[in-house]
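Chemist: Residue strings, one per chain:
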Amino acid sequence: MDRAIHTDVVIIGSGASGGAVASVLAPLVAAGKRVIVLEKGGRIDPKQLTGAELESAALHYAFGGAHPTEDSTVTLAYAEGLGGSTLVYTGTSMTPPERVITGWKLPGLDYDDLVKRTEKYAAQNGATFIEESLINENNQLFKKGCEKLGYHARQFPINIRGCKGSSLCNLGCPNGAKQGTAQVQIPAAMKQGVEVVTHAEVTALRTGGRGGILDVVVDGGPHTHGSVSDWPAGKYVVHAHTVVMAAGAIYTPTLLMRSGLVADLPAIGRFWTCHPAHILAGEHDKPITNFVGFPKSYVWEERVETERYVLESCMYMPFITAKNLTGFGPDHERLMAAYDRLQMILVLACDDALPDQRVTIDQDGKPVIQYKLMPKTIEAMVRGTRAAAEIFFAAGASAVHAPSARPTLIERTENADLNTRIRTELFKPGTISVSAAHLMGGCRMGVSKADSVTTPLGQVHGHDWLYVADASLFPTALEINPYLTIMALADRVAEAVADREGQ
Amino acid sequence: MSNQEVLGPLARQIQPVLATFIPATARLTLAELAPVLARVDERLAQEPPELQRQLQLFVRILWWLPLFTTLRTMGSLRPEQRLKVLNWLQDCPVTKLRLGLWGLRTLLFLGWYGDPAVQEKLGYRPNVGGWDAWNAAQAQKRGQ
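Going line by line, the protein sequences match chains A and B. Heads up: the first sequence is residues 1 to 503, going by the numbering used here. Heads up: the second sequence is residues 1001 to 1144, going by the numbering used here.
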């Protein structure tokens, strides 16, 4: 028989949004309220992390970091575990662009207020600029290349405390230095009495009684590194006065669709975006420091408004690098052998929020991501690739690997021919590796049921007990790394939930 | 379908494809190939049986594909002929074929470049100690 649990608030998910909501609602516990966080994944102890690429990816990421879209032309990277994707992000702490937020035209969403909230979480997470002497050559070369071309590369503020420069951010920091909700907001909430239950998967959600009813399965394991759930294994029925969805831009719309709300809210799952990205590599004549030090230090975003792309310095491990270099055979192998001489740049495209780009569910209720690389997105990635190639050569690279060129390796002598070497018609979905880690939309905020799922405060239209607090709220792509904005929006939602609980 | 049964049993058909993708693997015996395919099969164990079967079918198609133009199987082609066939497939107009090749290539890269020993040979030697460990290693190199 399923065990019944009664609570005032249940938060589904513990990543950037779930952690923020838990920390804001924690004082309710002292006022006699019960607040529970349900997390599908387990606790990951940084001390047990080895940094081994495949082992760490399997431990942290759903689908090993490559959840395919329905047509398999894009793979999606997101983490499962206490802390969600804050376990594996690089912690780049960016305030949202004013143009994007005001463009959302949401009543009551004030840009300055949102920025103040991002500053609150940036401070909690210790966002800072690392000193220049600790920035490795891979990143310095990006800045140098930009400067030579007259571009202004901006240093990322990053949320670290005691970073040793292991470069393993995307595999989970083995030193526990990168600050995420598992280090900051969740422990603070637990100290105030918020209950956190790991290995607890919410399988269904429905209206009932004075709020919502959740079917929950707690997996008894065994789990990696001996992680155990806080509740005994089994099935539970959780009755909550208020339900806060913080399961991310795939699982929040999935759960809402499973709950049968689609007929009433046709926008569920729709207007989904992800900043599709790919990695470019520039080959230098001498070894550079690339796999030691913080992996991502600079961003160049001066063409985001006009040309719809952003470039970031980056560094990835050998398998991910091999996957992202287009092609195979002797040329690919030779470039891989030059790994310690490779500089890397990430091209991120700003994709449009369209109704047919969406998360839906299959007959078993599992998520299916119906997302296509649209011509405008491909054109943006190709323009970004040309700009990245210019930066590589300006930084002194002898050759550049460009996925949308044939042959893919462009020699320095061809620098003047980038427009003819890198072409849109050579960007073939299914040949080029495209991945995305900024998953947004699917439960967009708005004022009308016809084209949005929630109010500007995250309350699901027509369901006063149900809130969304995560990246699925974004009406359009954010155009920057989104975690601080996710936390800031979650902060607003949490205040609305606190008001409801205080009534 | 267990994680040993996806690509492991097809080692003979995969060997020439892997050697084309990563020429350094051409010298591997079937026994030496086993751990590479085991890493792939471990990853594939999480995938639905339907996808596992599709991948097996794709490997078999690759084996027989050159027969139409050369009257030879993939295994009996010279390395440069194999590269030509696979390069054609990589850019062919049929998206599903391109995706199949991309998927197989990515999995075989996982099996090879995911090996810590191969990563070390590439010069990838991350250390949880970060800069301190790096500087110590450089000082040791200079002292030698």
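To be clear, the hints were calculated from the coordinates, so they are not data collected in a lab. Accuracy of the hints is not assured; some may be wrong.
Subject to a maximum C-alpha distance of 27 Å in a straight line, what follows is the list of computed BS3-like cross-link-like pairs (lysine-lysine) [unchecked claim]:
1. A/K286 <-> B/K1121
2. A/K428 <-> A/K105
3. B/K1121 <-> A/K366
4. A/K120 <-> A/K191
Here chain A is said to cover these stretches of chain B; the calculated rule only asks that three of the stretch's residues, wherever they fall, bring their Cβ under 8 Å from a Cβ of chain A [said to hold, decoys possible]:
5. 1033–1040
6. 1080–1090
7. 1104–1111
8. 1115–1124
Built from N, CA and C at the ideal position, the CB exists for glycine as well.
Chemist: What's the verdict on A/K428 and A/K105, does the C-alpha distance respect the 27 Å limit or exceed it?
Modeler: violated (36 Å)
Chemist: Count the residues of the segment 1033–1040 of chain B with a beta-carbon closer than 8 Å to any beta-carbon of chain A: does the count reach three?
Modeler: violated (count 1)
Chemist: Check whether the Cα positions of A/K120 and A/K191 lie no farther apart than 27 Å.
Modeler: holds (19 Å)
Chemist: Closer than 8 Å Cβ to Cβ for three or more residues is the test here. Does the segment 1115–1124 of chain B pass it with chain A?
Modeler: holds (count 6)
Chemist: Is the straight-line distance between the alpha-carbon of A/K286 and that of B/K1121 27 Å or less?
Modeler: holds (17 Å)
Chemist: Mind checking the alpha carbons of B/K1121 and A/K366 for me, to see if they're no more than 27 Å apart?
Modeler: Given that 27 Å is the threshold and the Cα spacing comes to 41 Å, the pair is violated.
Chemist: Tell me if chain A covers the segment 1080–1090 of chain B under the three-residue, 8 Å CB rule, please?
Modeler: holds (count 4)
Chemist: Taking a Cβ-to-Cβ distance below 8 Å as contact, does the segment 1104–1111 of chain B have at least three residues touching chain A?
Modeler: n = 4 at 8 Å, threshold three: holds.
Of the numbered hints listed earlier, those contradicted by the structure are 2, 3 and 5.
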